[in-house]
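Protein chains in written order, with my numbering: chain A, 1 to 355; chain B, 1 to 188; chain C, 1 to 267.
It is worth saying that the hints were derived from the structure and are not from the lab.
Don't take each hint at face value.
Straight-line distance between alpha carbons at most 25 Å, and here's what the computed PhoX-like set of lysine-lysine pairs gives [to be verified]:
#: 1; chain 1: C; residue 1: K24; chain 2: A; residue 2: K208
#: 2; chain 1: A; residue 1: K4; chain 2: B; residue 2: K153
#: 3; chain 1: C; residue 1: K207; chain 2: C; residue 2: K263
#: 4; chain 1: C; residue 1: K263; chain 2: C; residue 2: K101
#: 5; chain 1: A; residue 1: K204; chain 2: C; residue 2: K24
#: 6; chain 1: B; residue 1: K86; chain 2: A; residue 2: K265
#: 7; chain 1: A; residue 1: K204; chain 2: C; residue 2: K211
#: 8; chain 1: A; residue 1: K4; chain 2: B; residue 2: K152
#: 9; chain 1: A; residue 1: K345; chain 2: B; residue 2: K86
#: 10; chain 1: C; residue 1: K101; chain 2: A; residue 2: K208
#: 11; chain 1: A; residue 1: K216; chain 2: A; residue 2: K160
#: 12; chain 1: A; residue 1: K204; chain 2: C; residue 2: K101
#: 13; chain 1: C; residue 1: K101; chain 2: A; residue 2: K192
#: 14; chain 1: A; residue 1: K345; chain 2: A; residue 2: K298
#: 15; chain 1: A; residue 1: K127; chain 2: A; residue 2: K321
#: 16; chain 1: C; residue 1: K207; chain 2: A; residue 2: K204
#: 17; chain 1: C; residue 1: K24; chain 2: C; residue 2: K211
#: 18; chain 1: A; residue 1: K4; chain 2: B; residue 2: K144
Keep in mind that this is a model prediction, so the values were computed, not measured.
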Amino acid sequence: MESKVLMKGNEAIGEGAIRAGCQAYFGYPITPQTELLEYMSHWMIELGRVFVQAESEIAAINMCYGAAAAGARVMTSSSSPGISLKQEGISYMAGAELPCVIVNVVRGGPGLGNIAPAQGDYFQATKGGGHGDYRLLVLAPASVQEAMDLTSLAFDLADKYRNPVMLLADGLIGQVMEPVHLHDWTPQFVAKPWALTGAAGREKNVIKSIYLQPEKMEPHVQHLQRKYAQMRSDEVRYAEMMVADADIVLVAYGTASRVCQTALKLARSEGLRVGLFRPISLFPFPIQQISDLAKSAKMFLVAELSSGQMVEDVRLAAAGKVPVHLVSRLGGMQLTPEEVLVAIKELGGNEGGAN
Amino acid sequence: MHEDIVLSGFGGQGVMFAGQLLAYAGLREGKHVAWVPSYGPEMRGGTAHVTVVVSDEEIGSLIVAHPTVAVVMNLPSFERFVPAVKPGGLLIVNSSLIAETVDRDDILTLRVPANDISLELGNDRLANMVMVGALLASRPVVSKESVVESLKKILPERRQRLLEINEQAMQRGIECSSPSRSSAQLTD
Amino acid sequence: MKVERTEIESRQSWREEIVYQRPKALSTTRTHYCPGCTHGIIHRLIAEVIDELGIMEQTIGVFPVGCAVFGYDYFNFDASEAAHGRAPAVATGIKRIYPDKMVFTYQGDGDLAAIGTTEIVHAAARGENITTIFVNNAIYGMTGGQMAPTTLPGQRTTSTWQGRDVAIAGHPVKVSEMLATQDGAVYIARTAVNSPANVNRAKGAIKKAFKVQQAKLGFALVEVLSACPVGWGLAPKEALVWITEHMIPSYPLGEFKATDEVKAIVG
Numbered sequence: 001m002e003s004k005v006l007m008k009g010n011e012a013i014g015e016g017a018i019r020a021g022c023q024a025y026f027g028y029p030i031t032p033q034t035e036l037l038e039y040m041s042h043w044m045i046e047l048g049r050v051f052v053q054a055e056s057e058i059a060a061i062n063m064c065y066g067a068a069a070a071g072a073r074v075m076t077s078s079s080s081p082g083i084s085l086k087q088e089g090i091s092y093m094a095g096a097e098l099p100c101v102i103v104n105v106v107r108g109g110p111g112l113g114n115i116a117p118a119q120g121d122y123f124q125a126t127k128g129g130g131h132g133d134y135r136l137l138v139l140a141p142a143s144v145q146e147a148m149d150l151t152s153l154a155f156d157l158a159d160k161y162r163n164p165v166m167l168l169a170d171g172l173i174g175q176v177m178e179p180v181h182l183h184d185w186t187p188q189f190v191a192k193p194w195a196l197t198g199a200a201g202r203e204k205n206v207i208k209s210i211y212l213q214p215e216k217m218e219p220h221v222q223h224l225q226r227k228y229a230q231m232r233s234d235e236v237r238y239a240e241m242m243v244a245d246a247d248i249v250l251v252a253y254g255t256a257s258r259v260c261q262t263a264l265k266l267a268r269s270e271g272l273r274v275g276l277f278r279p280i281s282l283f284p285f286p287i288q289q290i291s292d293l294a295k296s297a298k299m300f301l302v303a304e305l306s307s308g309q310m311v312e313d314v315r316l317a318a319a320g321k322v323p324v325h326l327v328s329r330l331g332g333m334q335l336t337p338e339e340v341l342v343a344i345k346e347l348g349g350n351e352g353g354a355n
Numbered sequence: 001m002h003e004d005i006v007l008s009g010f011g012g013q014g015v016m017f018a019g020q021l022l023a024y025a026g027l028r029e030g031k032h033v034a035w036v037p038s039y040g041p042e043m044r045g046g047t048a049h050v051t052v053v054v055s056d057e058e059i060g061s062l063i064v065a066h067p068t069v070a071v072v073m074n075l076p077s078f079e080r081f082v083p084a085v086k087p088g089g090l091l092i093v094n095s096s097l098i099a100e101t102v103d104r105d106d107i108l109t110l111r112v113p114a115n116d117i118s119l120e121l122g123n124d125r126l127a128n129m130v131m132v133g134a135l136l137a138s139r140p141v142v143s144k145e146s147v148v149e150s151l152k153k154i155l156p157e158r159r160q161r162l163l164e165i166n167e168q169a170m171q172r173g174i175e176c177s178s179p180s181r182s183s184a185q186l187t188d
Numbered sequence: 001m002k003v004e005r006t007e008i009e010s011r012q013s014w015r016e017e018i019v020y021q022r023p024k025a026l027s028t029t030r031t032h033y034c035p036g037c038t039h040g041i042i043h044r045l046i047a048e049v050i051d052e053l054g055i056m057e058q059t060i061g062v063f064p065v066g067c068a069v070f071g072y073d074y075f076n077f078d079a080s081e082a083a084h085g086r087a088p089a090v091a092t093g094i095k096r097i098y099p100d101k102m103v104f105t106y107q108g109d110g111d112l113a114a115i116g117t118t119e120i121v122h123a124a125a126r127g128e129n130i131t132t133i134f135v136n137n138a139i140y141g142m143t144g145g146q147m148a149p150t151t152l153p154g155q156r157t158t159s160t161w162q163g164r165d166v167a168i169a170g171h172p173v174k175v176s177e178m179l180a181t182q183d184g185a186v187y188i189a190r191t192a193v194n195s196p197a198n199v200n201r202a203k204g205a206i207k208k209a210f211k212v213q214q215a216k217l218g219f220a221l222v223e224v225l226s227a228c229p230v231g232w233g234l235a236p237k238e239a240l241v242w243i244t245e246h247m248i249p250s251y252p253l254g255e256f257k258a259t260d261e262v263k264a265i266v267g
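Okay, chain A solo, but in the shape it has when bound (with noise of 0.2 Å):
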């Protein structure tokens, strides 16, 4: 027997963050995503490290911006409209370069919504969310395990990039248990030679992301812009399930995409060739993987928790060269493998492809 434990996907968001080398915690308590800060606010005390329930999620952004200005590992996490109290902070992050992991547990909205899981807040996430011409990293995990593999690997890549990584997981991973194994993570430490530690022996250091001459912000922005570049070369992570033979190839992250597995063995054991395209990198979105997708099948079919946010870069990526179409459940209501199969029917599956 595997020596496995069964944790909450929250749970092991957290054990991903300490294993990480996590060194401080802010947040704020909202559903669906309060185990993590009540895990936090146990374990990162006992190893004498920094947690703050903060005043508000405002304060608690602000608070990993200045830890992280300190040169420290930080995490801080919450739910859907938490994470959009967090937009200012986390625009100033981008701005000032400073790496920081936030977590998404995305919840039913807009507005107060509700506390199901959903996936409403991929354009939030992927295409700024925050003002200003900025990217995050963002990972979506389908799995525990995989919630406590990628917080792990947000804290390497946000200093590897100097940049804030959300991972995007919803309110299903946050509570489901799981058998996870825990990993023996080690952190890819970085020098910080630009964090603020006191200007001893030293020129002092700023951080900031304010820059008022067009002509000195430019350069900046452009300096982002190329780091953008280098996480769409180098960042691009995705799993797939039989997608060789596939005419349908369905496309989902996270929760929908355990939906379609189930939907997709359905199917195959009616004799439809149906595969899984499964991204686990929301930015950088695998455009490629999908554009040679899509010389390969008749069509996709997107499955979300939303009304099709992920579907457009997904249509982007398949350049008109086949079908995109969209199966999705709103306002926190989930899709059950069954609707994706009648979706599956209904675009021509039954007849081994499309018309």
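On the provided structure of chain A, position chains B and C as indicated by the hints.
Frame of chain A, contents of chains B and C only:
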């Protein structure tokens, strides 16, 4: 083997805990498991439910619309999950609290007076363990030994003394599922 | 030539005693402040205190949005910009990582008493071991003279043309009085920089507030009533008189809180 098991009842009836026991037991046996809770306001006094998936294969969907087994501990759970059970599936009803009859003939129904048995054992908090026993006897997704080992693992230190009575409750549940016992009633 | 100069130097050696010079902690960057603005005085007081305490190499300043947003350019120690109102949270993050560094925030009234009220109240309540210099000039300076939370009743601003009408715009926020009620705050003082005597008192309070942090006693804040001649539509000298005649009656000077521990250690 792949079972999607829903356990549902009032907050405080121990369905979350019973679900965890099954998940831990499955993990102990090297099976793929997932424990999917309902959460939030639902947990504060209302009816709560948990889905436990136990499988020999990697688990896909965590969303289960039609469970293969439903363990219902109170009337609201009965009303919600009776129509949901997959045809050919198993329904285990806490007959101490639910008098209603099942109007489906495509599922197997097992009636277990879980609260009465719990009280007979001198502790009113064991109904969940009685139901776990009944479940294991009808659908051996995990072994009784694994559940007992898991119980040892997850019961906090101060509750370890309750191990034996929990085991007894489970045993009574197992016996209940046998059609020869008068306290249980099998219909199909 | 050489001999001659030596003679002059020796004859005039009494002149060599330095009585006034730029503090080491103050950079040579020319500030962007308007004529008659007293931010410069307050910057200098902070720099003098940091020099006198010998803490320049351990100091990290946090400068949020407002007239002092470029504060990081005017000092010779590590500094971070912060979003509007969030300096206490940013300072909390830094201080929790480096409990032995000297971390301070430099905040205006709009920043601290409007958009950042939550952050400052909770930093004080937590007893966050940081120092806050709160510059109260009763107006939004950087955006061109709008009503601030500390604008006085009747005071004209570009967003209170007829003077602040409390029936419409509410009452001024009394920051020092409010924060003194927090158990985590151990030293709270209000000072002004409208006269040489008050400037000296302000420096004394700032020094105490940094010593409080050095001694790890808790949260310390010094409010400084400061002139904004351009925002107030007054000449620089008139602005100093306006502080005396209008601000101080509404914002009385003095120590609002100094715990026994503070008194024992820093006087």
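Item to check | Hints breached by this structure | outcome: none
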